[in-house]
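Asker: Residue strings, one per chain:
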Amino acid sequence: MIIKKILVDEIIDFLGKDIIKVMGLHEGIYIDNLSDVDRVNETTLDWVNPTKANKQEIVKASKARVMLVDETVEYVDGKILIVVKNPKMALAQVGNHFFVNHPKPSIHPTAIIDPDATIGKDVYVGAYTVIGKATIGDNCFIDSNVKIYDDVQMGKGCYIKSGAILGGAGFGYERDKDGNRFRFPQIGSLIMGDDVEVGANTCIDRGALSDTVIGDHTKINNLCHIAHNNKIGRNVVIAGCVNVSGGNIIDDNVWIAPNSSLRGYVHIGENAFVGMGAVVVKDIPAGETWIGNPAHKLEKK
Amino acid sequence: MIIKKILVDEIIDFLGKDIIKVMGLHEGIYIDNLSDVDRVNETTLDWVNPTKANKQEIVKASKARVMLVDETVEYVDGKILIVVKNPKMALAQVGNHFFVNHPKPSIHPTAIIDPDATIGKDVYVGAYTVIGKATIGDNCFIDSNVKIYDDVQMGKGCYIKSGAILGGAGFGYERDKDGNRFRFPQIGSLIMGDDVEVGANTCIDRGALSDTVIGDHTKINNLCHIAHNNKIGRNVVIAGCVNVSGGNIIDDNVWIAPNSSLRGYVHIGENAFVGMGAVVVKDIPAGETWIGNPAHKLEKK
Amino acid sequence: MIIKKILVDEIIDFLGKDIIKVMGLHEGIYIDNLSDVDRVNETTLDWVNPTKANKQEIVKASKARVMLVDETVEYVDGKILIVVKNPKMALAQVGNHFFVNHPKPSIHPTAIIDPDATIGKDVYVGAYTVIGKATIGDNCFIDSNVKIYDDVQMGKGCYIKSGAILGGAGFGYERDKDGNRFRFPQIGSLIMGDDVEVGANTCIDRGALSDTVIGDHTKINNLCHIAHNNKIGRNVVIAGCVNVSGGNIIDDNVWIAPNSSLRGYVHIGENAFVGMGAVVVKDIPAGETWIGNPAHKLEKK
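Chains as they are written, first to last, in my numbering: chain W, 10 to 310; chain F, 10 to 310; chain C, 10 to 310.
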């Protein structure tokens, strides 16, 4: 975390038209940290979740002078209340802008990039990362020790964490005359949209004869295995340690909870939720929540 | 994928005595791609699965001019049908030979190999791979960012994907007088047969006092953990995200589906199938299929 | 394994006051290996588990000349019996001291360490490891291809295996106005105690607004995902492929078996045991064993 004093005026300038109003005198007042509830102090930028019942009490009880709140909160003496529609989103924006150390775009001298790769503008590539004849969009952040194979197409603004392996050969075999397994050719590509995130040590294989596709804004956590030929939509969330076998269709806005497994060639409908540890062997209709081993529909009570 | 035109004559030469017959005039005719069913075009090398009921209709419906088929398929006007016993295997062979870019055997200058290691002929070692005093057989392909520890013995023709870690110290402790865990020595080896494949970011630990053993032609997918002292047979398939705890015996031709777990010291009999997400806490007799948490026998109906 | 002859006198000197007595003439007698039961030979240092019923028979049947035993074992002609309170612990100590090849403390020339990092005394850092502005305690062993981010604080004597990724940004988002996920700032730290072990390719994320904490002597196996904001106690064991989502409290001496999953914000009480493949969605009281999907208490019979 970057440690520095940020004036309330700087926050107001930064949030701009997202601010509905500011209550309280803030000239010369600063914050210098974001904290979870246990460690809030006078100079924390605190916030109140709009879904809470006792928002007014939370504001009064907070040790923080400056808080992000929604329109339903009334002024409390001595506080500076920055009123926005979505306080958590405003906190996230302030945090990312003022407290996160974003490495400047640059290619580390130890990164090995194929001369036939196409690297967009303002891309960061970390130490010991190896990139083949791939296409990397503008503003991508690719951390250290990443491997990206030939033919991978990555959109703009993607965020690839250390140890991720993108576009490797999938796991497919045909038995030869002696009964031994012979590798089926893995000659498709991996095509990733914009603003995709890939977690640390996660592996996404290229397609066999078709492509593996990951839609815009999809976020994949650490240590996931995404096999060949998956077609994954937009704004999908795949949590840690998930196994997605080959050839599934995962529609937009699906949420796949940690350590679950998708058998190949299932279809997960839009907005469906796959529970933690679920073992999915059937299609899941849109909007449904499935849990268990084997996974079954969770009936809402 | 390599993009090039391949004459039917070249395919006939390559498949050689695997070809039963060729039907249709093929002088000057070429193919230039392999594709899944959605993207087949006139110059795709297409194929028909012998298990399908409507093979004749599939041949007629395909946009492709050239197809690999079995002996039961009759000639269809305008096509070139290459008749073989196993069309999918022939497709795999053609694909691997003509369309896959196989890096030439070479040791990347950034690979760090112990001077006392024994490296066979025609081995590929990728960038930033670190190899200790290990023995690597002929024709092995070891991708980038791999770690191979001292004492590992790897047979011929193995295929090790990026990020794999082979022969690391296992996870075993004895409590000391203060109740804290003290590392039990991990001084066995990891002994791998020929034609073994290890997936990306998969970890296979060395034995503690005995060895970890992986048989010929066994294929392990991405993100698997194979703990110390496992004895794994030939032609075993271990899919993605599988946890194999220490000291199991896994006989030949076992299939272990994704994200399943084997408790230590169980025996999985030949040709057994462990279902996706199965939590195996007992021996599995040969030929049986076990699924669930805890795993139980699936009775065939 | 180091191959060398070790005189019984050397072992006696090394174990020192842990030895209760030595029975049998041992002048000039040596051992040269540790082995599992199948491969014990005359020069193995063998041992007898104090919990066995037939200890006397085990001593007689062993091919080994020299054995570590507890006080209840009587002398057997021709043997050299080294009597200690905990024979397995003595074996572990001898094995680690005489047979394990411990690399000398050193920083590999290819390691990239931020000039503002604080590295303790007698630290080993392997090839291609990248360390940010972190603090690393004395006597830590950090293997090759490891990534340690800024702000990580690591105690003394930690053991970090290859491919581990420590202190990366966690997985947290807030939806923006367009419904797309926007990264919530991940500006906490990762604070690790002394003698912590982190397995190969395991990922431990930094906190979001608070810290991720790992207590002294805690051991984590390969391919685990430890998300942001977890507070993990002392002497906790986390086996392979475990998913620990964000914000849990795991008390001292908890054992988490392989491939289990902890939903965020649960509390696992001291000495609890989480079974293999368990899907934990509730708090677990101290001392209880929970198994299954979803996890439930295992009633002791």
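Be a bit skeptical, because a hint or two may be false.
Same chains, same names: a pair is fine if it fits in one copy or spans any two.
Stated by the list, open to error - Straight-line Cα separation of at most 35 angstroms, DSBU-like style, residue types lysine-lysine; simulated pairs: (1) Lys142 - Lys97; (2) Lys64 - Lys165; (3) Lys69 - Lys186; (4) Lys69 - Lys94; (5) Lys69 - Lys130; (6) Lys240 - Lys142; (7) Lys142 - Lys306; (8) Lys61 - Lys306; (9) Lys240 - Lys130; (10) Lys61 - Lys30; (11) Lys165 - Lys69; (12) Lys14 - Lys61; (13) Lys72 - Lys30; (14) Lys291 - Lys113; (15) Lys64 - Lys291; (16) Lys291 - Lys72; (17) Lys306 - Lys130; (18) Lys240 - Lys291; (19) Lys186 - Lys61; (20) Lys306 - Lys14; (21) Lys113 - Lys306; (22) Lys88 - Lys291.
Simulated from the structure, these hints should not be mistaken for laboratory data.
Asker: Does each hint hold? Answer for all of them.
Answerer: Outcome of the hint check:
For a Cα distance limit of 35 angstroms, the shortest separation of Lys142 from Lys97 across copies, 29 angstroms, qualifies, whereas the shortest one inside one copy, 40 angstroms, does not. With identical chains, the CA atoms of Lys64 and Lys165 are never at most 35 angstroms apart, being 39 angstroms at best within one copy and 44 angstroms at best between copies. With identical chains, the CA atoms of Lys69 and Lys186 are at most 35 angstroms apart between copies only, with a shortest distance of 29 angstroms across copies and 77 angstroms within one. When the C-alpha separation of Lys69 and Lys94 is checked against a cutoff of 35 angstroms, the pair qualifies only within one copy, where the shortest distance is 20 angstroms, while the shortest distance between copies is 60 angstroms.
Proximity of Lys69 to Lys130 under the C-alpha cut-off of 35 angstroms is found in neither arrangement, the shortest distances being 47 angstroms within a copy and 48 angstroms between copies. In this assembly of identical chains, the alpha carbons of Lys240 and Lys142 lie at most 35 angstroms apart only when taken from the same copy (22 angstroms versus 39 angstroms across copies). In this homomeric assembly, Lys142 and Lys306 never come within 35 angstroms of each other (Cα to Cα): the closest approach is 43 angstroms inside a single copy and 47 angstroms across copies. Proximity of Lys61 and Lys306 under a CA criterion of 35 angstroms is satisfied in both settings, with 30 angstroms inside one chain copy and 33 angstroms between copies.
Proximity of Lys240 and Lys130 under a CA criterion of 35 angstroms is satisfied intra-copy only: 27 angstroms inside one chain copy versus 40 angstroms between copies. Proximity of Lys61 to Lys30 under the C-alpha cut-off of 35 angstroms is restricted to the intra-copy arrangement: shortest distance 21 angstroms within a copy versus 68 angstroms between copies. Taking identical chains as interchangeable, the C-alpha atoms of Lys165 and Lys69 are never at most 35 angstroms apart, the minima being 43 angstroms within one chain and 42 angstroms between chains. In this assembly of identical chains, Lys14 and Lys61 lie within 35 angstroms of each other by CA distance solely inside one copy; the values are 29 angstroms within and 65 angstroms between copies.
Proximity of Lys72 to Lys30 under the C-alpha cut-off of 35 angstroms is restricted to the intra-copy arrangement: shortest distance 21 angstroms within a copy versus 64 angstroms between copies. When the C-alpha separation of Lys291 and Lys113 is checked against a cutoff of 35 angstroms, the pair qualifies neither within a copy, at 45 angstroms, nor between copies, at 42 angstroms. Taking the closest pair of Cα atoms, Lys64 and Lys291 come within 35 angstroms of each other only across two copies (27 angstroms); inside a single copy the shortest separation is 43 angstroms, beyond that limit. When the C-alpha separation of Lys291 and Lys72 is checked against a cutoff of 35 angstroms, the pair qualifies only between copies, where the shortest distance is 31 angstroms, while the shortest distance within a copy is 51 angstroms.
Proximity of Lys306 and Lys130 under a CA criterion of 35 angstroms is satisfied in neither setting, with 45 angstroms inside one chain copy and 55 angstroms between copies. Both within a single protomer and between protomers do Lys240 and Lys291 lie at most 35 angstroms apart by alpha-carbon distance, with minima of 16 angstroms and 33 angstroms respectively. Proximity of Lys186 to Lys61 under the C-alpha cut-off of 35 angstroms is restricted to the inter-copy arrangement: shortest distance 21 angstroms between copies versus 66 angstroms within a copy. Taking the shortest Cα distances, Lys306 and Lys14 never come within 35 angstroms of each other, neither inside one copy (50 angstroms) nor across copies (50 angstroms).
Within a single copy, Lys113 and Lys306 get their C-alpha atoms no closer than 46 angstroms, and across copies no closer than 50 angstroms, so neither meets the 35 angstroms cut-off. Within a single copy, Lys88 and Lys291 get their C-alpha atoms no closer than 54 angstroms, and across copies no closer than 38 angstroms, so neither meets the 35 angstroms cut-off.
This entry does not satisfy hints 2, 5, 7, 11, 14, 17, 20, 21 and 22, going by the numbered hints stated previously.
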